[in-house]
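Chemist: Below are the chains, spelled out letter by letter.
Number of protein chains: 2
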Amino acid sequence: MTTEFIFDFRSTGSTGSDVLGGKGFGLAKMTQIGIPVPPGFIVSTDACKTYYEQGGTLSDDFWEAFDLQLAVLESETEKQFGGSDDPLLVSVRSGAPISMPGMMDTILNIGLNDDAVEALAASSGNRHFAFDSYRRLVQMYGEVVEKIDKHAFDKVLQLALRGENAASPIELSERGLEELTANFKRTFTKEVGKPFPQDPYEQVHRCVMAVFESWHGKRAQAYRENEGIPNTLGTAVNVQTMVFGNLGENSGTGVCFTRNPSTGRKELYGEFLQSAQGEDVVAGIRTPEPVTEMARIFPTAYNDLLKHTEALEQYNRDMQDIEFTIQQGELFVLQTRNGKRTAQAAVKIAVDMVEEGLISEDEAIMRVDPADLTHLLLPQLPENHGMDIVATGLGASPGAAVGFIALDADIAEQRAQKGEHVILVRPETSPDDIHGFIAAQGILTAKGGLTSHAAVVARGMGKPCITGCEGLDVDLDARHISIFGVIYDEGTLITIDGTSGSVIIGEPDLVEASNEGELDVLLGWADSKRRLKVMANADTPVDARNAKRFGAEGIGLCRTEHMFFGEDRLPKMQTMILANNVEIRAEALEELLPIQTEDFYEIFKELGDSPVIIRLLDPPLHEFLPDKSEAASVEIARRIEELSETNPMLGMRGCRLGLVYPEIYEMQVRAIADASTKVHEESGVWPHAQIMLPMVGFISEMIQLRKNVQAILDERTVPDVPIGMMIELPRTCVVAEEMTQAADFFSFGTNDLTQTTLGFSRDDAENTFMGKYTEDGILLDNPFETLDVSGVGKLINIAVDSVESGGHHMSFGACGEHGGDPASIEFFHAAGLDYVSCSPFRIPIARLAAAQAALSV
Amino acid sequence: MTTEFIFDFRSTGSTGSDVLGGKGFGLAKMTQIGIPVPPGFIVSTDACKTYYEQGGTLSDDFWEAFDLQLAVLESETEKQFGGSDDPLLVSVRSGAPISMPGMMDTILNIGLNDDAVEALAASSGNRHFAFDSYRRLVQMYGEVVEKIDKHAFDKVLQLALRGENAASPIELSERGLEELTANFKRTFTKEVGKPFPQDPYEQVHRCVMAVFESWHGKRAQAYRENEGIPNTLGTAVNVQTMVFGNLGENSGTGVCFTRNPSTGRKELYGEFLQSAQGEDVVAGIRTPEPVTEMARIFPTAYNDLLKHTEALEQYNRDMQDIEFTIQQGELFVLQTRNGKRTAQAAVKIAVDMVEEGLISEDEAIMRVDPADLTHLLLPQLPENHGMDIVATGLGASPGAAVGFIALDADIAEQRAQKGEHVILVRPETSPDDIHGFIAAQGILTAKGGLTSHAAVVARGMGKPCITGCEGLDVDLDARHISIFGVIYDEGTLITIDGTSGSVIIGEPDLVEASNEGELDVLLGWADSKRRLKVMANADTPVDARNAKRFGAEGIGLCRTEHMFFGEDRLPKMQTMILANNVEIRAEALEELLPIQTEDFYEIFKELGDSPVIIRLLDPPLHEFLPDKSEAASVEIARRIEELSETNPMLGMRGCRLGLVYPEIYEMQVRAIADASTKVHEESGVWPHAQIMLPMVGFISEMIQLRKNVQAILDERTVPDVPIGMMIELPRTCVVAEEMTQAADFFSFGTNDLTQTTLGFSRDDAENTFMGKYTEDGILLDNPFETLDVSGVGKLINIAVDSVESGGHHMSFGACGEHGGDPASIEFFHAAGLDYVSCSPFRIPIARLAAAQAALSV
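As they're listed, the protein sequences go chains A and B.
Read in the numbering used here, the first sequence has 306 at position 306, and its numbers run on one by one without any break.
Read in the numbering used here, the second sequence has 236 at position 236, and its numbers run on one by one without any break.
Honestly, I wouldn't trust all of these hints.
Given that identical chains are not distinguished, each listed pair holds provided it fits within a single copy or across any two copies.
Claimed, not checked - Straight-line Cα separation of at most 27 Å, DSS-like style, residue types lysine-lysine; simulated pairs:
{"hint": "1", "residue 1": "K772", "residue 2": "K707"}
{"hint": "2", "residue 1": "K447", "residue 2": "K628"}
{"hint": "3", "residue 1": "K772", "residue 2": "K572"}
{"hint": "4", "residue 1": "K185", "residue 2": "K147"}
{"hint": "5", "residue 1": "K605", "residue 2": "K533"}
{"hint": "6", "residue 1": "K707", "residue 2": "K218"}
{"hint": "7", "residue 1": "K307", "residue 2": "K29"}
{"hint": "8", "residue 1": "K548", "residue 2": "K533"}
Source of the hints: derived by calculation from the structure; they are not laboratory data.
Just chain A, same shape as in the assembly (with noise of 0.2 Å):
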């Protein structure tokens, strides 16, 4: 039976990882594909499962099985275990079937003791060497099994140490480490009250347990918890023969990938060092050398690093991140797995390796993380810049950008048109702002979340921005920053990089977004795989242009609103609000109609025939009204007084502004119409506008404001436009199937709808418990971000599934934030929407995550 339990590296059969553990299986399918993995054999999980069983035990019959395959072991690498020539030494490390790096506990060197050692001495000529392996385990073991606190071994090296003014143990005298190696085993013998154990198979047996131990151990727990990982998994064991790179010159270790995991480049890439464990490498005392540099100091392993990882690439089929040692001229390989690539090498590696007929289209589309695809767009801050970064924030919207700070939205707008380059700095920033949004390189703020307005304007229009950035102080008085306490006069030269939320003072280089080509091939497969269309969110003619250029389809939501912010614009919207008869509100309405007129017209000619979906006005009117301690009259301070509401964002806004005052849409609704017939007349080419009326929840809303937008075209000689209505509400969702009478088409508008549906108001949330939910697990991931699947994707689903089954053939899409967000992409797909809707440096993404939603399904 125990037998069962036990499996040498070269024969598991059809045995899979849930009961050899992840790295067990690694190692036995390397061993059986030829591989040099140096021998060992695996516990298996089920063994342990059994231990727990038992209370902490396992059979004769088990340590039997066990002992007969250390012999195995013994004859395979022709080594004897505790034995006084060329002693076998073996390593014991966990391996559970999901990998819990870091978590749980591995000793080395097994098999060492009082005569081990010398054997060690002699037979790899290397007492120093023998001796400084021999303390390790000693060390290894007491903590791991006899659970001795570390800080007792950690005083005696201090003391060894300082002995010979030595800052490591590797810089000790032979003598030294027979000392210290004596010492650690007398703190044993005080710590464990008997000494530390010359029966090499009483260590092995020891440490096996306590590696089942650690399973259940409070490091291991809590990582199981956070991540998901059942209790009952248990983990399995590997004892493998060590091998050693610290033999002298004719050894060494490193660590290569199969592709240059920066650029994507197929060449071997890698470092090494010469006669060195894996743990020097990491230390960073000495430099390693590139593994080419193998080629010169090692041909023959050099060439079977290159035969092995060529083959262990084409078995695993992706790139693969390989540890190697060379243990006196011989090769090992101890671990391989896919590599960790930037963006630009994951796109080149998935394309390249289709067109090297290793993996299929599907599979390269799957092997790309789409939310990584804005990196590849814009200009990056290099790893190596080499400048100080004096804060950090929020990464709210990715790149690098560099100006002169600019306290405000004039400021900006000024510098920019004398063709200065400047980065608009502000405690936060509100639809007033906007102008210096559009100015400037990039945004940053003291206030504000990842999705603050700053975030999601920047996004929108693809400019860096940083958010909630510590030690910011922002002075408009003063007109200067101070980061951390140091002033910065406005004007002040600075660089944002929005990927990583770092601020520096100063132009480091920036890397321009390098594309070779990969990454339109990828998404035009992916482009054919997909079945959600994906629109942009759009509302100038620069949106659409970059709307165009990343592959969007049309526009599925252009907001009216940002256009009523324009310094020729904002005083007319202001008249038209303050006006208190319907005749000076006409008046107002009748000069911003040609401007209106104008921005439709610029956009439907970029746009050419593609969609353009044209939401009508939809913020509460107050937002363009300015505070009211800034209002010019009393008259006017009285009316801001009026519009202002307690949850504005419950009151007075999308289509109740449109059936309050039905003037201001009507006005929209010319300007659509005029613009359309503008373009036909110069091109021959009728722009495919359609109307999105927004914040509808009743039946008779849609019907009366259908009934007014049809008497406006109906005056007018342009083709059928199709007026449809943005779903933002839960009642909405509920009474969708009887929308279908008034609305051509639905378009979810996933930022309000979550806003409504999990009573959050997206600031307020954002600034007060949201931080605290996060932190206590009570929230897993911002609602605003990643779509609500259970609350408001319930929902959604509602809505098209009445639609559905009541048997009409309707038109839903889903614009906001979530439009963009590969997670929420997946499950619109599911819901069976027609499009995404988002921001023109999301469309990659969207393409993408789109294609690896229809493929996942």
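Chain A is fixed; fit chain B onto it per the hints.
Modeler: Just chain B now, kept in the frame of chain A:
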């Protein structure tokens, strides 16, 4: 074939009102049970449909049958149509299957012509009467059949009146009436191009067709559209012998009720006029006499009336409103219908009729409008109070109250403590005014709607309240109010009637609510029929006492926020909120603990072992802080600023508070446990306390909160306290099944659920677009008063159904405004809820409405 279109009143068989029309059906039934109805017959709705199908004509066969039926009428009445000796006159009236009062046409006195009028003058011995009848026919026929503009006749009439200096046609001389008739005929000829038809058959045929035409008249169409009556129903036409109450002293006309419609007492109640027609009673020129006076004047007719009214009540099984005419001593009943009555009468009549064996208990329950019950519980302003109404506002909470004007809560409290009655008069109210509400007899505000703070709190307390009072201006600096410019100082005695919205200066006599025990009987029956439990929203011992008094089965919602506004608490609450560390907060909470314990102790004592569901603190903390401008220090102002939110309704409130500041809920739970223990020690009875958590949206919130609450309870010896939650977010509705893991019961908070589902902030919506929405018919009901069944109701269904289909047996309640609204209660019953909770003064409404809901299914 055509005979099927005509039904004699005496023989309609089993034909229903869909064919006979409502009026005809009633006349036929009366005829058939022996009530003296003037003879006549019905042209059915099928004839009307055929008329339209045939493009506005009816076949010769039809008219032959029609004329034959007229002949039957002639023989029955022993008169001759168009005859020169005692001529038969008929009326032609519409009668649709569904009543459309005043929407269609009537023509009287048909059959008069130049010969017949002389015959009528001779047979009646009243030439004045005969020509008055003839001139009426000419005008009615002209207007209805020939569509002559009313003004054409009016001009002629005015000339005639001026000629004799008469105020109305009745005052004209015989000669004058003859001339007027001649002139009307001349006008007719001029307008129509041919003279007034002398053939009585032509008259009556044209009149029947004119009534059919009026079915598709503009007014009738609009009415049907509004009421949702199908266009296809068609109308019937009633042809009935004319009787006249104006044929001298032995004739008359009157209206009576079979019971007193004001008190419900069983007595004939009504009025009559000797020698008069129906319209003379309405005109009000002569004062009618009590119907009982008929016993003296027309003893035979009076005895007949007693007999027939009794028969009609028995037959219709409800109190009847009856029109009758006495023609030369002979009684004719012209119409009967169920009579309108006051709430008090409705209750008494329903209960009496059960005792008389006339109706069942179920029917009695269905006969009373629950909404009317409120009027029975409060002092009333009598109809004839004889004082000036100086202003009118919205009747926000019914009942009348008298008191001295108090312009703020402090003054109200001071005067009340001296034993004076006060009316709190404010521009609008806020939670700060709560002690003023408690002190005042009633509340009057210049602003606010039917669900403003003042309205909600006043209804909750059962205190009369008027909001949105037009013309009222409250000058807090000058310490006076002005009503349409007239100034009244603080301290002026004022009366408000929250039922009608009337404001009176001074003190009229009020009428105490009288309830002779019938209400208790009726509610007792209701209690035995309903499935929904009725609980109360109550947060004070006074509320709790009222709740019991009106029959609540427990407290379904004990809010805890109002408890912190008292003079002794608010400063401590503020200290707690302003605390910048846990220690200071804990200290302030420690001081609040005994006060809060005492609150619960007093309420528990009132409730015995009935359940008390306590909701832990819900509102945003800044509601407890003064306005920023009133902050005592810069520090406090800063904290107020910090706590202010853009959309507080969707911000840091409800259980979010309880998770971020666990100390607050901890204190509240301790208070509940301590108060329970104290009551138990004193009485041996454990109160049935339950803890309810507000604004829960995520199961993770509920798990954490439950853990926190249970930990405090576990430290004490109280018996199990159920821990439940509000469902007041759309998300919570769609994840309700998951919530059963951590909640013991659910209560729908329909106020907040309405706000989030519709995206309507109550205050903002009512002050901005809701007025326009109601005006334009976009909203039919205020969704904060009557539940939005298709939206909010759908989400409630989703929640309840998912929990039930998951196999969980959970208690569901509804609290908030809707818990006391009959239409909403009907929905809650149908949705399968277990209880509703409403303000104490609405408990009787809810008990009755719940019974009606149960009986309606």
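Chemist: Hint by hint, say whether it matches the structure.
Modeler: Okay, the hints, checked on the actual structure:
1. For the identical chains of this complex, K772 and K707 are inter-copy neighbours only, at 17 Å across copies versus 48 Å inside a copy, given an alpha-carbon limit of 27 Å.
2. With identical chains, the CA atoms of K447 and K628 are at most 27 Å apart both within one copy (23 Å) and between copies (22 Å).
3. Taking the shortest Cα distances, K772 and K572 sit within 27 Å of each other only across copies (25 Å), while inside one copy they are farther apart (43 Å).
4. Taking the closest pair of Cα atoms, K185 and K147 come within 27 Å of each other only inside a single copy of the chain (15 Å); across copies the shortest separation is 122 Å, beyond that limit.
5. Taking the shortest Cα distances, K605 and K533 sit within 27 Å of each other inside one copy (21 Å), while across copies they are farther apart (65 Å).
6. Proximity of K707 and K218 under a CA criterion of 27 Å is satisfied inter-copy only: 22 Å between copies versus 66 Å inside one chain copy.
7. Taking the shortest alpha-carbon separations for K307 and K29, only the intra-copy value of 16 Å comes in at or below 27 Å, while the best inter-copy value is 107 Å.
8. For the identical chains of this complex, K548 and K533 are intra-copy neighbours only, at 13 Å inside a copy versus 61 Å across copies, given an alpha-carbon limit of 27 Å.
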